[in-house]
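**Student:** Just so you know, the sequences run in chain order A and B. Positions 1 to 509 (this note's numbering) are the ones given, in order, by the first sequence. Positions 1 to 509 (this note's numbering) are the ones given, in order, by the second sequence.
Bear in mind the hints are in silico, worked out from the structure with no lab data behind them. One should not assume that every hint holds.
Treat identical chains as interchangeable: a pair holds within one or across any two.
[As the list claims (entries may be wrong)] Cut-off 20 Å, straight-line C-alpha distance, at most; resulting in silico cross-link-like pairs (SDA-like, lysine to any residue):
(1) Lys509 / Ser106
(2) Lys241 / Tyr454
(3) Lys509 / Asn498
(4) Lys471 / Ser506
(5) Lys509 / Ile499
(6) Lys210 / Asp504
(7) Lys471 / Leu130
(8) Lys471 / Ser106
(9) Lys391 / Pro41
(10) Lys241 / Gln185
(11) Lys241 / Ala228
(12) Lys471 / Tyr454
(13) Lys471 / Ser131
(14) Lys175 / Val418
These are the residues of each chain, in order.
There are 2 protein chains.
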Amino acid sequence: MELQKDLNCSDKIAQQNLFIPQISTAIMIDQIMQQAAAAFPEYRRLDADARATFLERIATEIEALGDALIHTAMAESNLPEARLQGERGRTANQLRLFANLVREGSWVEAVIDTALPERVPARPDLRKMLSPLGPVVVFGASNFPLAFSTAGGDTASALAAGCTVVIKGHPGHPKTSAMVFGAIQSAIAACGLPEFTVQHVEGTDFALGKALVQHPAIKAVGFTGSYAGGTALVEYARERKQPIPVFAEMGSINPVILLPEILAAQPEALAKQLAGSFTLGMGQFCTKPGLILALESEELDIFLKAIGHEVPALPTMPMLHGGIHAAYTKNLHLALEQPGLGVLGKTEKEAEGIVPTATVALVDGDTFLANPLLHQEVFGPYALIVKCTSKAQLANILQHLEGQLTLTFMATEAEAIVHADLVELGQDLAGRVIFNGVPTGVEVVASMQHGGPYPATTDSRFTSVGSDGIKRWARPICFQNYPAQLLPAELQNENPGNIWRLVDGSFTK
Amino acid sequence: MELQKDLNCSDKIAQQNLFIPQISTAIMIDQIMQQAAAAFPEYRRLDADARATFLERIATEIEALGDALIHTAMAESNLPEARLQGERGRTANQLRLFANLVREGSWVEAVIDTALPERVPARPDLRKMLSPLGPVVVFGASNFPLAFSTAGGDTASALAAGCTVVIKGHPGHPKTSAMVFGAIQSAIAACGLPEFTVQHVEGTDFALGKALVQHPAIKAVGFTGSYAGGTALVEYARERKQPIPVFAEMGSINPVILLPEILAAQPEALAKQLAGSFTLGMGQFCTKPGLILALESEELDIFLKAIGHEVPALPTMPMLHGGIHAAYTKNLHLALEQPGLGVLGKTEKEAEGIVPTATVALVDGDTFLANPLLHQEVFGPYALIVKCTSKAQLANILQHLEGQLTLTFMATEAEAIVHADLVELGQDLAGRVIFNGVPTGVEVVASMQHGGPYPATTDSRFTSVGSDGIKRWARPICFQNYPAQLLPAELQNENPGNIWRLVDGSFTK
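Bound-form chain A, shown alone (with noise of 0.2 Å):
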């Protein structure tokens, strides 16, 4: 299990002698994180605007890169070009939302209540807001060469916040990432900001990740990839004198329930849209569809033959690397090894090269329940179908799932209000909970949850996708009886930024 957790949704290059002596990494790290630490006072000082565009600057050089990025990011990572373009616009999309969030303002949460000198004993001014953490390391994810990576969300959400960034930059796309970091220093001077506002590095030595957590200047980290990857950081941070919080995104299954009414209306359109949504991408997506639940019927048959047929005749590519397509073979093998698993169907073209054979299995719900190895995640094009004896089998399964990205409903509105005890349990076991769509579309927009329960993340409160990821850099402070001229500008009683505030429990501008 521990194998196959091991690459999730993102993976681990074979671990590299970085070819320079332990210490001089050790004085590396420690040099860039008081660089990181000493730029950190001076870029938390600037005012909305300055921050705001400081985003859109990284955007528009992001975009002034033009072909020579997309045509690197294709070569470094196998994905199409048009995708790639897709995924710079989102990169783009993303820093300048974070700008938008950032000049409004509102989201520091300023909380003021004004004192109350003739109650006794008399109450003091109180005002509280958000404020930045301070130097987080931000590690780039391979499955997103541009938007996970190193000017992603997680960068993105964090220079928001007002933080100092430290990029590990990943080994699987080193040009891309470089070229973005050049762009970022482009922004750096365009703006006149601290020169070691945004930092990078290289390396697959496990112990730069390490120092890189342990350095006591890093006040958080942000996460994208494997089981293996996320827990490891986790407990970096806790040998910590200070811990500090790892917000990880480590994978999920995102299981999709078919109930039976919907499956009666349409089996081969569901048979379609799952097998596109669960090979898209050759699957290597965080939400990609990785578990199908419904129960026995005839219906469930000719979905199954449906679904049996399309898979073959689905087109296929090259996956980000060969270390992910060496874990998926492994792990595709391993799970139709299990006794009473059946292929349904493959892809028929002989996979050559990194090429993967997507893959849909079918087994029953007594023999899944049994066996926790099917319960993990298999990183590609593979999808597990579980054939269900009855509702309260559904049910039972659910509730011995891990925690989970997303949870999908294919349901009738009638049905989905018979079975509202079953949206209840999916409602426990995710951050998403979805009807009539497929999970592999994650929106970057305020009422986006990207973060389900442990194992899913190890911080079910937070999201890494949508602008609600700026709270994970931030922590609030109480400013009491402060002289007027030291209090930031969101809390001043003039409200220059014009932000939304709750002001003796009445919320105003």
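The hints should help you fit chain B onto chain A, whose structure is shown.
**Tutor:** Chain B in isolation, oriented as in the chain A frame:
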């Protein structure tokens, strides 16, 4: 240092056996937890008004206990009548504050992004709100037998969030705790709620605390007490298959910085104010100012002389119990034995029984910096004054202190602005930064932050005092394309509760 930390904010009663075999404890705990889990779905489904009514009923049931509760708490805690009457008022107010918060309803941070069917690809309807985590465990604290114990802030906020609660009664006031739990049971019966919405367990065996924290049904833990106790609970939680958040408030030395102008203007008044604050309630507050930092000057000498005269004349009273008194005496002696420390003043009245000797001591900046033991909390009526040779030394000390609940500046407005760099250092260190007041008053309001960087608390992003304490017990869930009938009231188009929501980027009711 561990020994000293052992006795921070709360205390540990000497470990006793429960006189029941371990296997029985495990069975009992499992049954209690199953009951808490079974009650959760029904309790969470209560509408806001029903939940608020329940909290209000607990308050009136506690008030209905009348003098008997006060007298019981006096006998068990040695706290005076007026203090306990005030604390009962605060306890009831907290319950009513959370009732109001729940009834108003905006605490769930509802966000709605409506569908964009025309967009390519179409955007689904996305709605997000905070939802209760599940059954939680609350450990009663010894130093607030009412306001931070059985029906204190942790229990009130968890019930407000929609969680069922298992209370571990503090062994320092078992009868008080049982009476308050009786009031909760009366409220449960009066409101017709599930019997096991709140449960109460007693015991001093560490295995009991471990079993509570490690039961799979439990989703979070609240604790106010010692560093040793808090870190043990964190470790238990980490060992779980599914780690859970532990909100532990573990104490602080709450530094006070005296700046020169204000010290020159009113050295005697400051001495009186600070002597009163660090000995208030025999120093048994998490926010007791245990460290006073100032620059050497003639005015400081006047202050030192004045505080040396103030302390001996202060009234004393017994501490909460023998264990806390023994620890105070031991840790006080350990501190005073350190080279370079001089006693400025102590209460003259010979200590009797468990009445402590209030003590104020002096040390120079270099000695303080070199001896980390002096940075640790001595829980009780003790404060250490550090005479600094320069502002640089004072800043250096701030940079070497651990995380704090509070940090206080005594300063004129003009010098606060001149020394804004020190103020910024203070903000990095604490959850609440105070000007010209004492930290020992903690208002129960929305703007309060009672939670600072580690080790003051285990999670500086949350508060255990004030209405935002509710956020400890909830996580966001995103509802995508939901059938209208299955949406929580807070996310329905009609907004039946008339709460504030962020709809398509605008705050609106």
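**Student:** It remains to establish, for every hint, whether it holds in the given structure.
**Tutor:** Verification of the supplied hints:
no., hint, verdict
1, Lys509 / Ser106, "both (10 Å within a copy, 16 Å between copies)"
2, Lys241 / Tyr454, "between (24 Å within a copy, 9 Å between copies)"
3, Lys509 / Asn498, "both (6 Å within a copy, 19 Å between copies)"
4, Lys471 / Ser506, "between (22 Å within a copy, 19 Å between copies)"
5, Lys509 / Ile499, "both (6 Å within a copy, 17 Å between copies)"
6, Lys210 / Asp504, "neither (45 Å within a copy, 41 Å between copies)"
7, Lys471 / Leu130, "both (8 Å within a copy, 14 Å between copies)"
8, Lys471 / Ser106, "both (12 Å within a copy, 18 Å between copies)"
9, Lys391 / Pro41, "between (57 Å within a copy, 19 Å between copies)"
10, Lys241 / Gln185, "neither (33 Å within a copy, 42 Å between copies)"
11, Lys241 / Ala228, "between (23 Å within a copy, 14 Å between copies)"
12, Lys471 / Tyr454, "both (19 Å within a copy, 18 Å between copies)"
13, Lys471 / Ser131, "both (10 Å within a copy, 17 Å between copies)"
14, Lys175 / Val418, "neither (53 Å within a copy, 47 Å between copies)"
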